[in-house]
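Q: Now for the letters of each chain:
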Amino acid sequence: MRVLRQAFSVAYKDLSIELRTKESLNAAGAFAIAILLLLSFVFDPFSDVVREMSGGLLWLVFAFSGALIFNRGFSRELPNECLDALLASPLSPASLLIGKAGGIFVTLLPVEFVSLFVFGIFYNVRWWLHPAELAGIFVLATWGIAIVGAVFGALTVNLRLRELMLPVIIYPLLIPLLIGAIEVTNSLIANHPITAYEWLWARVLLVFDIVMTALASVLAETILVN
Amino acid sequence: MRERLSIVLAAIAALLLANNLHAMFLSLPDEAMQGAIYRILFFHAPAAMVGMIGYFVALTLSIMYLSFGDFKYDSLAASVIEVALAFSLVNIVTGSIWARIIWGIWWTWDYRLTSALVCILIFSGYLMLRRAIDEPTQRARLSSALCIFGCVDVVIVWKSIEWFRNQHPGPVLDFRTGGGRMDPAMSHVFYMNFLALLLVATVLVLIRTRQESTAREIDSLRRLAHAA
Chain U
1 MRVLRQAFSV
11 AYKDLSIELR
21 TKESLNAAGA
31 FAIAILLLLS
41 FVFDPFSDVV
51 REMSGGLLWL
61 VFAFSGALIF
71 NRGFSRELPN
81 ECLDALLASP
91 LSPASLLIGK
101 AGGIFVTLLP
111 VEFVSLFVFG
121 IFYNVRWWLH
131 PAELAGIFVL
141 ATWGIAIVGA
151 VFGALTVNLR
161 LRELMLPVII
171 YPLLIPLLIG
181 AIEVTNSLIA
191 NHPITAYEWL
201 WARVLLVFDI
211 VMTALASVLA
221 ETILVN
Chain Z
1 MRERLSIVLA
11 AIAALLLANN
21 LHAMFLSLPD
31 EAMQGAIYRI
41 LFFHAPAAMV
51 GMIGYFVALT
61 LSIMYLSFGD
71 FKYDSLAASV
81 IEVALAFSLV
91 NIVTGSIWAR
101 IIWGIWWTWD
111 YRLTSALVCI
121 LIFSGYLMLR
131 RAIDEPTQRA
141 RLSSALCIFG
151 CVDVVIVWKS
161 IEWFRNQHPG
171 PVLDFRTGGG
181 RMDPAMSHVF
191 YMNFLALLLV
201 ATVLVLIRTR
211 QESTAREIDS
221 LRRLAHAA
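Residue numbers (the working numbering), protein chains in the order written: chain U, 1 to 226; chain Z, 1 to 228.
Everything labelled a hint here was simulated from the structure, so no lab data went into it. It should be emphasised that the depicted structure is a prediction, and the values quoted were computed from it without experimental measurement. Fair warning: there could be bad hints in the mix.
What the hints assert, rightly or not - Here are some chain Z residues pointing at chain U (derived, C-beta under 10 Å):
1) A132
2) L146
3) D153
4) F164
A virtual CB, placed ideally from N, CA and C, is assigned to each residue, including glycine.
Given these sequences and hints, build the entire structure.
A: Written out as structure tokens, the structure reads:
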């Protein structure tokens with residue numbers, strides 16, 4: 001309980017900074033819309049095929065724009081030795097990591113919602129046919145991206161080649177999660193009936209989130225205390 | 001002592017491999033459905049098994065490094081991952097050759113193949129991360145953490161043929177199916193070749209670990225010289 005309370009304080013701090021500066025939010029939102037625009041030149045945006053591959057397009061956009069958010073998560077603590085101050089505070093490393101992931105999660109969700117809205121307009125796709133299921137998948141997959149992003153953002157924060165290493169490490173790790181999110185989102189947006197196959201992928205997302213969050217909590221000290 | 005052990009293990013591996021090649025090409029008949037190409041599976045699947053064992057050994061070594069802080073576990077983990085990566089590549093290449101003949105394509109995006117490729121990408125990232133960090137303690141701690149996270153994908157690779165419908169064949173080995181999917185003569189050669197490849201991997205790890213320890217020693221001497 002104490003860990004969660006501390007994590008909430010860290011997330012609240014990050015979100016307050018983000019709401020004041022809006023640096024990640026604006027950049028990630030603009031980047032997401034730019035990718036959606038670029039993708040419209042790759043194929044016919046009004047073709048029926050778009051509905052079948054909506055999940056792929058959307059999660060590609062979310063994963064890339066998410067990188068802008070989790071890249072900032074820990075690097076914003078570098079000036080004025082803020083990271084050292086956070087580590088020296090009574091916060092537990094696990095709560096710091098989970099709090100950072102919480103901040104990324106809450107920042108990424110509105111970017112996803114705006115992208116989904118814009119996607120619906122640009123590509124003439126009715127994405128709201130299964131709102132509750134879609135929201136559930138977005139929450140599960142976004143938490144997965146956020147926790148992995150926070151862990152590897154922390155892991156690479158002091159590296160000389162941080163900008164190069166982060167995508168090289170993070171995207172292969174996210175692939176199982178992204179495949180699951182894409183498969184279920186494709187079915188939901190195409191209005192296919194939800195079968196055992198979609199539930200299997202939803203369970204994969206849930207297990208991925210639990211395993212990654214547990215590993216992040218256990219390894220938080222190793223990752224943060226360098 | 002370690003050199004003598006490497007030589008003995010290499011000699012046993014060479015003898016086993018020669019015996020297995022003789023059995024594969026001169027004793028065993030062609031497979032009824034696949035013809036002669038099935039023989040590549042005597043290298044394809046054992047290479048995958050050796051690779052996966054390597055990743056799990058590296059996982060154990062990474063946990064041991066984080067628990068005890070001894071650099072020898074870190075060196076050993078890095079060596080094991082390099083060798084496991086090489087065996088995973090053998091697995092992918094031999095699998096592609098088999099697929100070209102049997103399926104008519106080099107590659108298909110099913111879950112087994114995709115997760116195996118992702119596994120290679122993750123552990124290539126591990127090696128890149130090690131090269132990107134100069135400070136030995138930081139390098140060891142962070143690469144151990146990455147190894148632990150990366151092993152989640154190894155479990156997905158292992159179980160993917162049971163969890164999902166794939167173009168890749170399902171489990172055929174006795175210890176996963178309870179027997180009956182493979183002729184005992186073929187099964188015997190398969191396990192003997194697995195043993196041979198495991199010995200080759202062990203020899204490579206021993207050689208690589210010695211190189212890694214020497215590199216660490218040179219690095220510490222260099223640091224000492226700079227400090228003086």
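Q: Now, for every hint given, state plainly whether the structure supports it.
A: Tested hints:
1. A132: holds (5 Å)
2. L146: holds (7 Å)
3. D153: Because about 7 Å separates Z/D153 from the closest Cβ in chain U, which is inside the 10 Å limit, the hint holds.
4. F164: holds (8 Å)
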